[in-house]
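Now for the letters of each chain:
Protein chains: 2
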Amino acid sequence: MSMKSYLDMNAQELAAELAAVSARYAALKAVPRSLNMARGKPNPAQLDLSMEMLALDPASLTHTAKGADTRNYGEPTGIDECKALFADVLGVEPGNIIVGGQSSLNLMYDCVVRALLLGVYGGAEPWGRQGPLKFLCPVPGYDRHFAVTAEFGFELINIPMLPTGPDMALVKKYVESDPSVKGIWCVPKYSNPSGITYSDDTVRAFAALKPAADDFRIFWDNAYCVHTFEEEGDELLNIFDACREAGSEDMVYEFASTSKITFGGAGVSVIAASENNIKLLSKQLGIQTIGHDKINQLRHVLFLKDAAGVKAHMKKHAAIIKPKFDCVLNALDSEIAPLGIASWNRPRGGYFVAYEGLPGTAARCVGLCKEAGMVLTGAGAPFPYGKDPKDNVIRIAPTFPSLEELEQAMELFCVAAKLAALEVLSAK
Amino acid sequence: MSMKSYLDMNAQELAAELAAVSARYAALKAVPRSLNMARGKPNPAQLDLSMEMLALDPASLTHTAKGADTRNYGEPTGIDECKALFADVLGVEPGNIIVGGQSSLNLMYDCVVRALLLGVYGGAEPWGRQGPLKFLCPVPGYDRHFAVTAEFGFELINIPMLPTGPDMALVKKYVESDPSVKGIWCVPKYSNPSGITYSDDTVRAFAALKPAADDFRIFWDNAYCVHTFEEEGDELLNIFDACREAGSEDMVYEFASTSKITFGGAGVSVIAASENNIKLLSKQLGIQTIGHDKINQLRHVLFLKDAAGVKAHMKKHAAIIKPKFDCVLNALDSEIAPLGIASWNRPRGGYFVAYEGLPGTAARCVGLCKEAGMVLTGAGAPFPYGKDPKDNVIRIAPTFPSLEELEQAMELFCVAAKLAALEVLSAK
Chain A
1 MSMKSYLDMN
11 AQELAAELAA
21 VSARYAALKA
31 VPRSLNMARG
41 KPNPAQLDLS
51 MEMLALDPAS
61 LTHTAKGADT
71 RNYGEPTGID
81 ECKALFADVL
91 GVEPGNIIVG
101 GQSSLNLMYD
111 CVVRALLLGV
121 YGGAEPWGRQ
131 GPLKFLCPVP
141 GYDRHFAVTA
151 EFGFELINIP
161 MLPTGPDMAL
171 VKKYVESDPS
181 VKGIWCVPKY
191 SNPSGITYSD
201 DTVRAFAALK
211 PAADDFRIFW
221 DNAYCVHTFE
231 EEGDELLNIF
241 DACREAGSED
251 MVYEFASTSK
261 ITFGGAGVSV
271 IAASENNIKL
281 LSKQLGIQTI
291 GHDKINQLRH
301 VLFLKDAAGV
311 KAHMKKHAAI
321 IKPKFDCVLN
331 ALDSEIAPLG
341 IASWNRPRGG
351 YFVAYEGLPG
361 TAARCVGLCK
371 EAGMVLTGAG
381 APFPYGKDPK
391 DNVIRIAPTF
401 PSLEELEQAM
411 ELFCVAAKLA
421 ALEVLSAK
Chain B
1 MSMKSYLDMN
11 AQELAAELAA
21 VSARYAALKA
31 VPRSLNMARG
41 KPNPAQLDLS
51 MEMLALDPAS
61 LTHTAKGADT
71 RNYGEPTGID
81 ECKALFADVL
91 GVEPGNIIVG
101 GQSSLNLMYD
111 CVVRALLLGV
121 YGGAEPWGRQ
131 GPLKFLCPVP
141 GYDRHFAVTA
151 EFGFELINIP
161 MLPTGPDMAL
171 VKKYVESDPS
181 VKGIWCVPKY
191 SNPSGITYSD
201 DTVRAFAALK
211 PAADDFRIFW
221 DNAYCVHTFE
231 EEGDELLNIF
241 DACREAGSED
251 MVYEFASTSK
261 ITFGGAGVSV
271 IAASENNIKL
281 LSKQLGIQTI
291 GHDKINQLRH
301 VLFLKDAAGV
311 KAHMKKHAAI
321 IKPKFDCVLN
331 ALDSEIAPLG
341 IASWNRPRGG
351 YFVAYEGLPG
361 TAARCVGLCK
371 EAGMVLTGAG
381 APFPYGKDPK
391 DNVIRIAPTF
401 PSLEELEQAM
411 ELFCVAAKLA
421 ALEVLSAK
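Chains A and B, in that order, are what the protein sequence lines are.
Our numbering applies: residue 1 is where the first sequence begins, and numbers increase by one.
Our numbering applies: residue 1 is where the second sequence begins, and numbers increase by one.
For the record, the hints were derived by calculation from the structure and aren't laboratory data.
For clarity, every value in this text was computed on a predicted model and none was experimentally measured.
The list makes no distinction among identical chains, and a pair is therefore deemed to hold if it is satisfied within one copy or across any two copies.
Keeping only pairs whose Cα atoms sit at most 25 Å apart, straight-line, the calculated DMTMM-like set for lysine to aspartate or glutamate is:
| id | residue 1 | residue 2 |
| --- | --- | --- |
| 1 | LYS305 | ASP57 |
| 2 | LYS316 | ASP57 |
| 3 | LYS322 | ASP69 |
| 4 | LYS311 | ASP241 |
| 5 | LYS311 | ASP326 |
| 6 | LYS29 | GLU411 |
| 7 | LYS279 | ASP250 |
| 8 | LYS305 | GLU93 |
| 9 | LYS279 | GLU151 |
| 10 | LYS66 | ASP88 |
| 11 | LYS210 | ASP167 |
Given only the sequences and the hints, what does the whole structure look like? Please build it.
Quick look at the structure:
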């Protein structure tokens, strides 16, 4: 197989390369395999890092510092210790935190639902009484975010991601001119799947928005706030600091969770928000639930302790994750880069690499991998309605497979990517 | 103080008794105390019964029988073992169970929310698009049920509780004639607060309902399904068995939780429903959350094992609870019964005694207790909008205080109840 740029090949060269890559693909396909890079799941070795949390002295888990029995009803917005932990991590006050259950997605879903049925602080009436609504979706982005707003019938608007974050000129245009635009999904640090961290200017531009709607909300899903795997991570400007300057603190719901810190299946999630928002959300929460699992909150506090403890713990994750990202990037650098058929990000944290190939190749590449025994995130998944307008983005999730599996996976992926590119180029 | 029925007293006798009881109340009030019988909370001794669950071998908690890693994402509707446990307890198939998080109230809230925004199986359109809606509320009932439907603007209709359960003639009339009636709240066993278990005829009458609405749902909150404290408990007919005969299985959502089996603050909840309902709810759940805490589900399975294990465990609760109910009933029997001013239930399980006094005395009695340092559930709480039409029902929750506190509490309660009754009778 050639290392010459495919874009510089003539028809004859393309045909020869297509034959060579097809043969290589057929050979790989002939070997049975079952690989999965579909979701950003922690690997069992990462989960093992938190096993100590399951071995804590039972007697240490029953009461908070102020004497509340974690085993009983009460403390519906979470225990003080857990609020303090997340406040330290996110750089906010404990009073601006509500602790949720296992899934931050569920917290976001609940915020959308309550906004639809009950309204948000400062809004004249519930979203759901205002006719057709729109939600802004930076793309590529997180499929499950988009699915929530699709479920409730929002028109989802694609906002291109730039290296600095979402195209803020476009965001501003939509938000400031159209009162039916009710929110925007953001993963501001190590974004899913582009791995981009929003620049300070982008964060300030968010804080400076003057929405046409009186009930617009930024859904700031800081899912990867501490998920750095390089020695030096990205720095994200604190959105609430920026909002305080702009007087727009009520505009933001920030979310985070320990799903990729401790256990994906048994973590703790939080929402951070302004005093006004927390007050209303707490009231609404009091109707919804008798509270979330306080024993698990205390487990997390005893295990992680504070922001420094979280940071130290994340270094252990980094030691497992970093070689996997290196494996992916090395394969792409050596196998794909010379061919001129794709670009990709080089994240310093998070869970994904976004592969951007030639238009019209993503679904084919994913299909080729699938036929050969490897499941990738469906092409189109990082876009609203699962529709990638250029059909060229593939989300690569390196964390779950072992390093050995990942090497095999990337070999197959690169061959499939080449084949898909060659088919498109040959058809021209 | 007299043991003669207040109803047989003449004005002079009433005046003398009022003076005597007032003096006694003043004496009690002079002694500082801080008692709380406001909510049906387990006592710490009950919570201690499940401490073993926090001491399980961490290695036993990480994988399900079929190999799913409980620490990771996946199994959004719950792990098989936990479904099997609740299926055994509720007498349904594991496939008819979805396991939730810590709060069954939250599951109910979610069912209302999804019905409003997305609709239920078989419904032509979401509840929320159908104009003003009604919900039936057997009274006295559970304040937090009523609060959920009040939050979303349903008109709440009082349905009187009879010794056999809700007045089914009235329920049938509403449900079968009015398509805006979308549901009914039920606590079918050891009802909150009356302690009544619905008769077989009542359960069959529910199953036989032919709702005017195509999207009517019975919210069957079997909160106290295994919470018997007498040697012989009540038997509740399985609603799904009755529905199968009537062909109405899609009409029922059944709920249960371990909040009063293991930990009020860290239990597991479930919804049981027909195949059609489970299928749609699972799909909707897939948008809402990445799943609930599977480690905690496995903890519960390892600790409780099966229905027999649950029953054995509940006997330990009974040993703690039964003397408290006896204390309450003995006090009422000896102090109040001869006076002819109230009636109450004698539950064989559950968490409450419903005290029904003379009309116009409940709020006064609760107020008198409060002034003397004892918090009771607010008068009116067991009714929609907090409005007890006769102002005569008080929910007594005996479980949380110690036996010693409870004796003091009941002494105060009986004096306050007498005083409230005497004031009303004297004013006539």
